[in-house]
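Protein chains in written order, with this note's numbering: chain W, 1 to 326; chain G, 1 to 326; chain X, 1 to 326.
There's no promise every hint is true.
As the list claims (entries may be wrong) - No more than 27 Å apart at the CA atoms, straight line, and that leaves these computed lysine-lysine pairs for DSS-like: (1) G:LYS287 x W:LYS198; (2) G:LYS154 x X:LYS123; (3) X:LYS123 x W:LYS309; (4) W:LYS55 x G:LYS326; (5) X:LYS326 x X:LYS309; (6) G:LYS61 x G:LYS96; (7) X:LYS200 x W:LYS309; (8) X:LYS326 x G:LYS326.
Said to hold, decoys possible - What follows is a list of derived Cβ distance ranges for each label pair: (9) X:ASN199 x G:PRO305: 51 to 57 Å; (10) X:ILE75 x G:LEU322: 53 to 59 Å; (11) W:ASN127 x X:ASN19: 27 to 33 Å; (12) W:LYS116 x G:ASP160: 43 to 49 Å; (13) X:ASN199 x W:ASN127: 22 to 28 Å; (14) X:ILE59 x G:LEU86: 57 to 63 Å; (15) W:LYS7 x X:ASN118: 42 to 48 Å; (16) G:ASN143 x X:ASN118: 33 to 39 Å; (17) G:SER136 x X:LYS125: 45 to 51 Å; (18) X:ASN22 x W:LYS116: 22 to 28 Å; (19) G:SER15 x X:LYS309: 24 to 30 Å; (20) W:ASN307 x G:LYS198: 49 to 55 Å; (21) X:ASP306 x G:ASP119: 53 to 59 Å.
What the hints assert, rightly or not - Which residues of chain W face chain G? A partial, calculated answer using Cβ under 8 Å: (22) ASN184; (23) PHE194; (24) PRO314; (25) ASN317.
Worth flagging that the hints you see were computed from the coordinates, not collected in a lab.
For clarity, every value in this text was computed on a predicted model and none was experimentally measured.
Heads up, the beta-carbon is just placed ideally off N, CA and C, and yes, glycines get one too.
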Amino acid sequence: MSNPFFKNKGPFKISEIINLLNLKIDIKNKDQYINDINDLLTCEKEDITFLHSKKYKDIAKKTKASFCLTTKSLINELPKSCIPLLVDNVLVSTAKVSSLFYPDSINDYFDVSVKKINDTKFKAKVNFGQNVLIGSNVSIGNNCKIGHNTIIEKNVVIGDDCYIGSNNIIRNTFVKNNVKILDNCIIGKHGFGFFPIKNKNLRYPHIGIVLIEDNCEIGCGATIDRGSMSNTIIGKNTYLDNQIHIAHNVKIGENSIIAGQVGIAGSSIIGNNVKIGGQAGISGHLKIGNNVEIGGGSGVIRDIPDNTKVMGYPAKNIRGFLRDNK
Amino acid sequence: MSNPFFKNKGPFKISEIINLLNLKIDIKNKDQYINDINDLLTCEKEDITFLHSKKYKDIAKKTKASFCLTTKSLINELPKSCIPLLVDNVLVSTAKVSSLFYPDSINDYFDVSVKKINDTKFKAKVNFGQNVLIGSNVSIGNNCKIGHNTIIEKNVVIGDDCYIGSNNIIRNTFVKNNVKILDNCIIGKHGFGFFPIKNKNLRYPHIGIVLIEDNCEIGCGATIDRGSMSNTIIGKNTYLDNQIHIAHNVKIGENSIIAGQVGIAGSSIIGNNVKIGGQAGISGHLKIGNNVEIGGGSGVIRDIPDNTKVMGYPAKNIRGFLRDNK
Amino acid sequence: MSNPFFKNKGPFKISEIINLLNLKIDIKNKDQYINDINDLLTCEKEDITFLHSKKYKDIAKKTKASFCLTTKSLINELPKSCIPLLVDNVLVSTAKVSSLFYPDSINDYFDVSVKKINDTKFKAKVNFGQNVLIGSNVSIGNNCKIGHNTIIEKNVVIGDDCYIGSNNIIRNTFVKNNVKILDNCIIGKHGFGFFPIKNKNLRYPHIGIVLIEDNCEIGCGATIDRGSMSNTIIGKNTYLDNQIHIAHNVKIGENSIIAGQVGIAGSSIIGNNVKIGGQAGISGHLKIGNNVEIGGGSGVIRDIPDNTKVMGYPAKNIRGFLRDNK
């Protein structure tokens with residue numbers, strides 16, 4: 001995968017993957033090396049991919065992957081160049097194989113590499129407060145400020161003219177130029193993604209990052225989780241108020257305004273010039289168009305087309321909502 | 001009470017209690033000692049209890065307590081072995097007497113006993129970050145990690161293989177084995193429990209603890225308050241997403257999954273295998289059964305039986321909700 | 001303005017203001033000094049004010065200001081003593097002029113003036129935890145406690161008998177006597193106020209403060225933003241539970257009780273003896289009367305008169321809500 005931070009521990013022989021999954025399969029070329037795991041679309045030859053739903057059959061037909069974790073009923077959706085590996089639970093198996101390639105992306109332990117900023121090369125370059133800690137693999141641009149007690153953990157790139165306030169924890173994150181992050185935010189931790197298994201759930205890797213584009217402002221107390229297979233993105237000049245939760249893989253467009261205590265569930269995509277009122281919630285895997293306005297307190301459970309104003313729970317056309325609730 | 005952390009300052013003579021409450025009562029055995037205060041059910045002989053509502057008359061009839069704070073209309077619900085003490089406001093009087101026995105449980109001042117972890121016996125045992133503080137009466141099992149700036153205040157027991165992230169404050173809490181607590185959580189502070197009194201409210205003691213069972217994960221920014229008269233419990237292998245608020249006395253079962261920004265009000269009981277969507281709220285003193293699914297954004301104001309899927313505000317059967325809101 | 005914290009950099013010549021706004025206006029007395037910018041009502045002679053809506057025409061007629069930023073259609077609402085300055089966007093121009101007078105109130109950079117409390121005059125007076133930082137222009141009364149890692153930034157006045165917990169950041173705030181602020185709060189930062197401009201929004205100054213009256217309790221994780229042109233106020237003996245967001249200019253009365261995760265949007269006014277259930281949200285610029293009860297999870301989008309109980313989204317009379325939702 002194209003993530004710059006998590007090291008791919010591969011390649012692994014396909015026989016190692018088969019053993020890992022306890023599969024009773026006989027394969028000709030057991031010693032073939034597999035370079036990476038990825039989704040159907042972005043896989044290359046000598047990669048492994050996964051197919052768990054007919055929804056993806058059109059993409060499946062064109063995958064370049066050499067192997068695919070799937071189930072019996074989906075075999076025929078794959079091209080001849082892709083050898084199916086039949087498993088009981090495609091997503092659990094995918095989690096296991098991803099963990100093999102990217103073991104560092106499963107658990108979010110605190111960064112033991114951090115040093116006091118006074119003991120780093122940033123001492124002269126950055127305007128910083130007390131007790132600031134900086135991890136390995138961090139770069140910081142010109143004219144930046146970092147407030148008290150903030151921890152920039154490993155794998156963070158910060159552009160020019162950025163302000164990072166106090167008490168923040170940031171990891172696995174790209175911050176472009178002229179971004180303000182206020183206080184008490186947690187940015188870049190893994191998302192709430194795991195397979196529920198009785199007595200002991202199974203976490204899957206989060207290989208994505210958080211990307212915060214130019215001129216954004218992130219309010220106090222935000223939690224912005226990094227993506228699992230893709231990135232979490234906050235578009236240019238988008239402003240977030242306090243206590244907002246942005247789940248993994250969410251992508252927010254440009255020039256959007258999101259008021260306090262809003263929550264956006266995993267993998268939803270929000271357009272440009274969108275306004276979201278306080279405490280509104282957006283379910284996962286939705287597409288919210290451009291120039292949409294969502295009233296405060298709304299609960300959005302369906303896609304919303306461009307240029308629409310909605311309100312209510314479930315959110316519907318704002319005129320209808322106000323008419324029905326005089 | 002069975003709380004391991006808050007010291008019972010008793011016994012006190014019943015005459016001391018009568019004086020504390022400014023009661024004009026004449027009692028034969030003024031010098032009798034009272035060992036403890038507790039609810040009707042768990043009281044022992046030579047304890048004092050309280051009865052403020054007819055709802056509890058069945059339990060009242062069987063109480064073993066020697067004395068009971070109550071009102072005139074409820075006298076006849078008590079057994080002869082239990083002497084009623086008539087007061088104007090049962091709950092306020094109960095708060096005052098509880099405060100006499102457990103003065104340390106009213107206010108949650110920061111723990112002055114904390115030391116830098118480097119100056120404690122945990123230096124060699126725990127894998128820890130910078131600026132970690134540890135209070136008195138703390139025990140930590142094998143193979144644990146504690147992140148930067150985290151404060152383990154007094155009265156905390158942590159089991160084996162636990163991960164406590166950065167910027168957390170934990171007190172009055174039992175953490176079993178293999179638990180992950182991410183960043184920025186406040187666990188074990190007193191609940192939002194007090195008697196509203198004009199110009200100056202009266203806080204009552206919180207003698208319970210927080211108990212987090214094996215294999216749980218607690219997301220970033222959680223607030224989990226300890227119980228007042230009983231404990232707040234998170235059951236085995238239950239996972240909480242970010243920015244969740246769990247009020248005092250709440251009990252959550254096993255294998256449950258609670259998404260971001262959910263709030264559960266005081267004393268509600270949640271079953272096993274429950275799924276709660278993001279931003280849902282559950283009112284106080286409710287019983288949510290096993291295998292219940294609550295849609296994101298729902299407002300639950302009534303009990304929910306086992307094996308039910310609900311959504312909406314107020315939450316109702318999910319099919320009905322979606323049918324009514326096409 | 002009457003704010004005690006933000007220094008007025010004026011006076012400025014009216015010609016400097018005209019140049020700042022790129023106005024092509026010819027004015028007789030170019031060298032006249034302008035002392036301050038303020039709203040129509042509180043402006044004095046030789047101040048500049050602004051008028052952007054007919055709503056304010058009654059106040060406009062009586063303004064004492066020497067100049068007023070406004071548009072052509074509103075010129076006739078001003079008295080002859082007040083010279084109109086015609087601009088394209090009144091609020092944007094107001095922001096620019098306010099920024100000229102009060103440049104320190106636009107951005108909330110971390111306070112570089114802070115020192116370890118051990119190195120300040122408060123060392124002997126305050127009971128404090130580890131890593132406490134105190135900024136310039138701070139005063140603290142008698143018998144106060146401040147917990148670990150808390151930062152009292154510049155421009156804070158704390159009265160007697162106050163308890164400030166751990167991990168808090170407080171700035172530009174007046175705390176009266178006997179107030180408790182628990183852990184992890186951010187109090188006094190600027191509000192979420194700016195003019196949306198494509199590619200780069202324009203923040204306007206927040207010259208107000210936060211005022212927390214006697215006997216209040218603020219729960220964990222609160223964000224209370226300071227006002228823009230007026231103050232944000234929490235009235236006497238009002239208690240806030242955890243994870244509450246109070247936006248700029250909000251005023252809450254006395255003896256009110258606000259449960260967990262409530263959000264109150266900008267400039268709303270809440271009366272005395274108000275009870276707000278968990279997760280309720282109140283839109284901006286509303287007036288909630290005295291003795292109002294708002295059910296948990298409600299979304300309030302209209303004013304509520306005194307002595308009313310409401311529930312629902314949008315919130316309406318509670319009896320009607322429960323009847324319609326049996």
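Review point. Does the structure break any of the earlier hints, and which numbers would those be?
Key: Hints 3, 12, 17, 18, 19, 25 not satisfied by this model.
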